[in-house]
Amino acid sequence: GDVYKRQLSPEPYLDPRLPPVEYPRFMEWIAANGVTSAKVKVHNFGDGIRGVVATEPISRGEAIITVPHSMLITVALVETSAIGAVIREAASAIKRSSMGGPAMTIALYLMHQRALGAESPWHPYIDLLPKSFHTPVFWKDEELEWLQSRELIATIRKQRLSVKRDYDSVATVIDAHPELFPPKFSQLDLFRWASQIAITRYCELGTIPSTVALAPMYDLPNHSPSTKTTFRYDKNQQTLSVISGHVYAPGDQIFMSYGDKNNMALMYAYGISFIDNPAATVRIGMPVLPPGYQPVLKAIARYNHVNPLLDDSNNKLVRYKDMFTVPDATLATLRVLMLRELDLDEMGISNWNVSAIPEKERPNRIRELHRPSARLALLPSQPVSIANELMSLGFILQSLVNRISRYTRCLE
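Numbering (our numbering), first residue to last: 320 to 731.
No lab work stands behind these hints, which were simulated from the structure alone. Yeah, the Cβ is synthetic: ideal placement off N, Cα and C, and Gly gets one too. Where hints are given, some of them may not hold.
Pairs of lysine-lysine, DSS-like flavour, derived with a Cα cap of 25 angstroms [to be verified]: (1) K459 / K483; (2) K360 / K450; (3) K679 / K617; (4) K503 / K483; (5) K459 / K477; (6) K617 / K358; (7) K547 / K483; (8) K617 / K635; (9) K450 / K483; (10) K617 / K477; (11) K358 / K414.
Okay, the calculated beta carbon distance ranges per label pair [said to hold, decoys possible]: (12) G365 / K459: 19 to 27 angstroms; (13) P502 / L719: 48 to 56 angstroms; (14) S545 / Q701: 33 to 41 angstroms.
Please work from the sequences and hints to get the whole structure.
Structure (structure tokens):
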């Protein structure tokens with residue numbers, strides 16, 4: 320229980336028994352290259368966790384860290400680097416990659432720079448980055464079972480295959496340039512490492528056209544779902560800054576938000592989760608419809624501009640303060656999917672059960688059902704009937720019961 324609680328803690332614990340770890344080379348390097356971070360330092364929290372803590376009082380609205388454009392690893396930088404020709408040669412595969420072209424471009428650059436070792440101009444930064452990962456994507460299959468989530472396990476296995484496919488799509492180009500990607504390294508392992516760095520650390524600069532970048536020091540604060548500290552890219556000054564959303568005292572940890580991510584997304588990408596995550600969501604299942612109902616319910620959904628499926632756009636209960644609420648779009652879909660014979664009769668729709676119609680006549684009846692008709696109209700934003708509302712809410716409740724019952728271990 321204690322291990323789970325520690326991993327789910329809102330923030331890394333400042334263990335006084337840990338020996339202080341300083342990063343003078345990195346701090347001197349970023350300062351010499353124009354990064355300003357005078358009131359903070361990199362701190363070791365143990366267990367391979369690093370973060371940023373205040374060394375002086377910091378006011379709300381103050382720029383805590385500022386990184387000049389010259390210290391950003393961008394796609395434009397990579398395209399003009401020593402591997403620029405490789406990027407152009409592999410452009411088609413990079414564009415089709417599952418992680419996205421910009422992230423894969425930066426990942427290939429990281430592979431090359433890490434292979435350079437101390438000769439890389441980015442060596443102090445790369446040397447500070449994790450050398451390996453303990454996130455679920457890198458777990459063994461038997462370890463994945465600890466997650467007790469079929470959905471998360473399936474997502475992780477799919478991601479593993481995607482990374483392998485991405486690598487295979489550029490492997491021939493990599494192998495053709497041993498002077499840039501030395502064969503003494505396991506290129507697949509190096510690619511997996513670089514991909515994880517790229518997709519978990521890059522930021523979107525908000526420029527036109529849109530671009531992403533890695534930024535030394537900017538990417539070191541840990542995540543908190545409740546922090547108001549954010550970032551800003553100044554297009555005129557061409558600087559990326561971490562802007563304080565709080566008043567910090569010396570010794571306080573500086574947190575940033577990695578975005579409104581639910582616990583599954585955080586566990587998948589970073590290996591962390593939060594008990595009091597305001598962005599938490601709970602997925603519900605998809606009701607199994609009797610075959611005879613499917614055509615008419617799809618017709619009603621289409622006529623009323625309702626998604627006939629519970630998919631990623633509307634299958635989550637969202638957290639509001641200390642409760643989870645049912646989004647309007649979710650309830651609207653369920654109200655349509657849970658329409659039954661009495662509701663359809665009340666709407667004046669007859670001969671809707673295509674299963675009861677001779678097979679030869681079904682296509683014509685389905686076409687008739689899908690023609691726009693005022694009889695298909697209803698207000699799915701409001702309860703359709705008492706029975707329909709009870710069925711809709713009952714399905715949500717049963718779906719949650721089924722989901723919770725899969726977990727054999729809990730925190731308590």
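Consistency of the hints with the structure:
no.	hint	verdict
1	K459 / K483	16 angstroms, holds
2	K360 / K450	21 angstroms, holds
3	K679 / K617	21 angstroms, holds
4	K503 / K483	19 angstroms, holds
5	K459 / K477	14 angstroms, holds
6	K617 / K358	59 angstroms, violated
7	K547 / K483	37 angstroms, violated
8	K617 / K635	21 angstroms, holds
9	K450 / K483	19 angstroms, holds
10	K617 / K477	30 angstroms, violated
11	K358 / K414	40 angstroms, violated
12	G365 / K459: 19 to 27 angstroms	24 angstroms, holds
13	P502 / L719: 48 to 56 angstroms	52 angstroms, holds
14	S545 / Q701: 33 to 41 angstroms	34 angstroms, holds
The structure fails to meet hints 6, 7, 10, 11 from the earlier list, while all remaining hints are met.
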